[in-house]
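The primary structure of each chain is shown beneath.
Protein chains: 4
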Amino acid sequence: MNAPSLASAVLDANLAIVRQGLVLSTFGNVSGVDRQAGRILIKPSGVPYDALSAEDMVECDLDGRATGNRLRPSSDIMTHAVLYAAFPAIGAVVHTHSTFATIMAQAMCPIPVFGTTHADYFHGTIPVTRPLGAHEVGDDYVANTGRVIVEAFEGIDQLSIPAVLVAGHGPFAWGRDTAEAVHNAVILEEVARMAWHALALAPGLQPISRALLDRHYLRKHGASATYGQ
Amino acid sequence: MNAPSLASAVLDANLAIVRQGLVLSTFGNVSGVDRQAGRILIKPSGVPYDALSAEDMVECDLDGRATGNRLRPSSDIMTHAVLYAAFPAIGAVVHTHSTFATIMAQAMCPIPVFGTTHADYFHGTIPVTRPLGAHEVGDDYVANTGRVIVEAFEGIDQLSIPAVLVAGHGPFAWGRDTAEAVHNAVILEEVARMAWHALALAPGLQPISRALLDRHYLRKHGASATYGQ
Amino acid sequence: MNAPSLASAVLDANLAIVRQGLVLSTFGNVSGVDRQAGRILIKPSGVPYDALSAEDMVECDLDGRATGNRLRPSSDIMTHAVLYAAFPAIGAVVHTHSTFATIMAQAMCPIPVFGTTHADYFHGTIPVTRPLGAHEVGDDYVANTGRVIVEAFEGIDQLSIPAVLVAGHGPFAWGRDTAEAVHNAVILEEVARMAWHALALAPGLQPISRALLDRHYLRKHGASATYGQ
Amino acid sequence: MNAPSLASAVLDANLAIVRQGLVLSTFGNVSGVDRQAGRILIKPSGVPYDALSAEDMVECDLDGRATGNRLRPSSDIMTHAVLYAAFPAIGAVVHTHSTFATIMAQAMCPIPVFGTTHADYFHGTIPVTRPLGAHEVGDDYVANTGRVIVEAFEGIDQLSIPAVLVAGHGPFAWGRDTAEAVHNAVILEEVARMAWHALALAPGLQPISRALLDRHYLRKHGASATYGQ
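Residue numbers (our numbering), protein chains in the order written: chain A, 3 to 231; chain B, 3 to 231; chain C, 3 to 231; chain D, 3 to 231.
Because the hints were derived from the structure by calculation, they are not lab data.
The reader is advised that the hints may include incorrect statements.
The list makes no distinction among identical chains, and a pair is therefore deemed to hold if it is satisfied within one copy or across any two copies.
[Unchecked claim] Here are the simulated SDA-like pairs of lysine to any residue, each with C-alpha atoms no more than 20 Å apart in a straight line:
| # | residue 1 | residue 2 |
| --- | --- | --- |
| 1 | Lys-222 | Ser-47 |
| 2 | Lys-222 | Gly-126 |
| 3 | Lys-222 | Val-49 |
| 4 | Lys-222 | Asn-146 |
| 5 | Lys-222 | Asp-141 |
| 6 | Lys-222 | Val-25 |
| 7 | Lys-222 | Thr-127 |
| 8 | Lys-222 | Gly-140 |
| 9 | Lys-222 | Ala-91 |
| 10 | Lys-222 | Asp-142 |
| 11 | Lys-222 | Arg-74 |
Source: prediction; values computed, not measured.
Only chain A is shown next, with the shape it has when bound in the complex (with noise of 0.2 Å):
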């Protein structure tokens, strides 16, 4: 993307997940990444969503250093950086405190694949980060955040299971484009929803089979895909 489309379609993003309803005063922020032309585009820190412009959109090196005068990125650009460094197939990451997955990292409770609805987008549990030790939430924390992230995702592939949630703090997600992202994370709430009422009704509820499992994630994603038109 050039650089007026990737504005705007980050723009469109931090607006859609609030339109969405996972994004609570501004706890919430999108960012996405044109690795050619080395930048990252990023909502503003603190700024409120309904006063938004394109123009607003952050840019930032590969660093996550803003690389223009006017706004301050996210507080989070850090965490957003670290992520695009470590998952080079990702283009787009959002940030929430939506509600379930929100309630799901405070519990430090990993979301298995309790249904078809999670295994049509995550290809297995969706992880929990550690919680950061008291010498990692210095000055470095926002990258450290990141960094925790990439360790959780060790053996998993990064676009295959596209959503994490951080220890009492709340979910990321991402994709190839941040529409994709976008979804994920919508999709990632409702999981989150679902997962705490089945545990809450049946503790110790098992996942579905690795067959089902693997027979709707196929069926959306990879090359023998077959769903849509």
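Guided by the hints, dock chains B, C and D onto chain A, whose structure is given.
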């Protein structure tokens, strides 16, 4: 119904389940059958709801094969076809991932008759299918989903309990026509919501008496119904 | 009230319970009584809410028999009639299947006074009726529903606790007029929602003190009320 | 603020808590204080929200006595007055019966810091007052409600934890001005909702680390705040 009116009814029903809040993303589809003409009309696969027109409803034969050549039918078409073949009294099928019905399906928790809201529409426990075995999740997966539903209704009249929970997946509801099927799906979601909460507060809760169940169900259904004008 | 104004009030109340989110489908009805004229006005049976006019409100005598010849009254008319006969201070009755009040009715869980929201409107525990016996569910079922409500109020002032949960069914609320009855039904639903959640988190929770209950209830009701202008 | 602008701010805040879904019926009131002029402005008692104008805000002295002669102040005025007297840094007080904050107040369950949403606004556990004794529920009841709040804040900075749960009643929140107080009441409700669900799923859940709490709280508050533009 002639073809145009069935297409309109199927379109309206697909839009109604969105308006009623039963659908997240594109997780939902409604079909209608014209048994004399040997046709099923169903929502196309993966098309956004707000772009649908009556002409987009995909025509299939009673074996679930698309007979037109434009859009592909919902990926769940074979479940619908199996239900129409096994349940001769039904004219429409609704599939959603509505939140509480899906939660009960994930928890593999049948819905006993805890109240008269349930009894007014469903003449007994709403069953959960058995989980599909690994060998049933292959090429014939979607039809097998229909087959475990039919299996769960051995000895149960298809119209007296017009809904089922597919284990680890979500609800299917049906009726004599599309309006009735959608209505049953709406009531099912509320009945599931109430049952989840009643069970969470009072584990081991017993259903209402058979006498009260019959009183309410038969007031609205069958030869001696007295409800309405 | 003269006839036209009572019909309007009853219509407005029937529309208000829909607007307030207490009604799914047609599960709800409100009546008002004119004791001097010997008449009850009630919503007709099974007519969609958006098609109702004041003229559609069905006139019945105090025994619950329709005296006009156009529409049939709500199928719950006999419960209303029994309540008017037993509770001389009330002027209107509201029946809904509102979600949390119905859940508490299904779980047969009376609602203790857990907070001042409750105490501002209900001067004690909101009772649950006993379940109806098999012999009470026959021809006289709807009147018997009224009778078990009356039974549950032995020794309780009808206006000091203007609502009840019918076991396995749902709530009835009442008041001196239709506006008060609707308001009580709205508050009941919120009180039930809060009590469900408080009990789920803290099983065995004790009610607030009698002193606090009296303070709040008597601030809004009775000879020494001080609330409002 | 001069009188007209404080009246407008208090009106806006009273309307905002309704718009934000924190208020059922008339269970809510906001006041603001002008300490130099020795005045509190507060919502009148029992007036419907949609009929309120800025002129209706009732002027009281710092002891909570109405100084005008038109409308009576909210019945909770004395709680507000006690809080203004004890907490010199605050400029506005919000009282609601918002659902989850009230549920936690009914369950007498303080809200530990389970996540960064909480830590961004409240620098520690949100306390519950002790229940009022029978002798405290007499004539001086409303002022005593303020006194048990003040008691619960012994040793706690009033602005670092700008909210409290009154046992068996509901939440009070405050801030330096009306906008901040309303914002704190909104965040409190979401924090309470999340804490309820986290505790229900994971009884005995431990709070986040002191280091993470400090990191988030101090990022948004105090001399070294870095959030926003």
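Hint check results:
For the identical chains of this complex, Lys-222 and Ser-47 are inter-copy neighbours only, at 11 Å across copies versus 35 Å inside a copy, given an alpha-carbon limit of 20 Å. Taking the closest pair of Cα atoms, Lys-222 and Gly-126 come within 20 Å of each other only inside a single copy of the chain (14 Å); across copies the shortest separation is 36 Å, beyond that limit. Taking the shortest alpha-carbon separations for Lys-222 and Val-49, only the inter-copy value of 14 Å comes in at or below 20 Å, while the best intra-copy value is 37 Å. In this assembly of identical chains, Lys-222 and Asn-146 lie within 20 Å of each other by CA distance solely across copies; the values are 19 Å between and 33 Å within a copy.
Proximity of Lys-222 and Asp-141 under a CA criterion of 20 Å is satisfied inter-copy only: 15 Å between copies versus 41 Å inside one chain copy. Taking the shortest alpha-carbon separations for Lys-222 and Val-25, only the inter-copy value of 18 Å comes in at or below 20 Å, while the best intra-copy value is 27 Å. Only within a single protomer do Lys-222 and Thr-127 lie at most 20 Å apart by alpha-carbon distance; the minimum there is 17 Å, versus 33 Å between protomers. Taking the closest pair of Cα atoms, Lys-222 and Gly-140 come within 20 Å of each other only across two copies (15 Å); inside a single copy the shortest separation is 41 Å, beyond that limit.
Taking the closest pair of Cα atoms, Lys-222 and Ala-91 come within 20 Å of each other only inside a single copy of the chain (18 Å); across copies the shortest separation is 33 Å, beyond that limit. For the homomeric pair Lys-222 and Asp-142, the shortest alpha-carbon distance between copies (17 Å) is at most 20 Å, but the shortest distance inside one copy (38 Å) is not. Taking the shortest alpha-carbon separations for Lys-222 and Arg-74, only the inter-copy value of 15 Å comes in at or below 20 Å, while the best intra-copy value is 38 Å.
Comparing the model with each numbered hint stated earlier shows that all of them hold.
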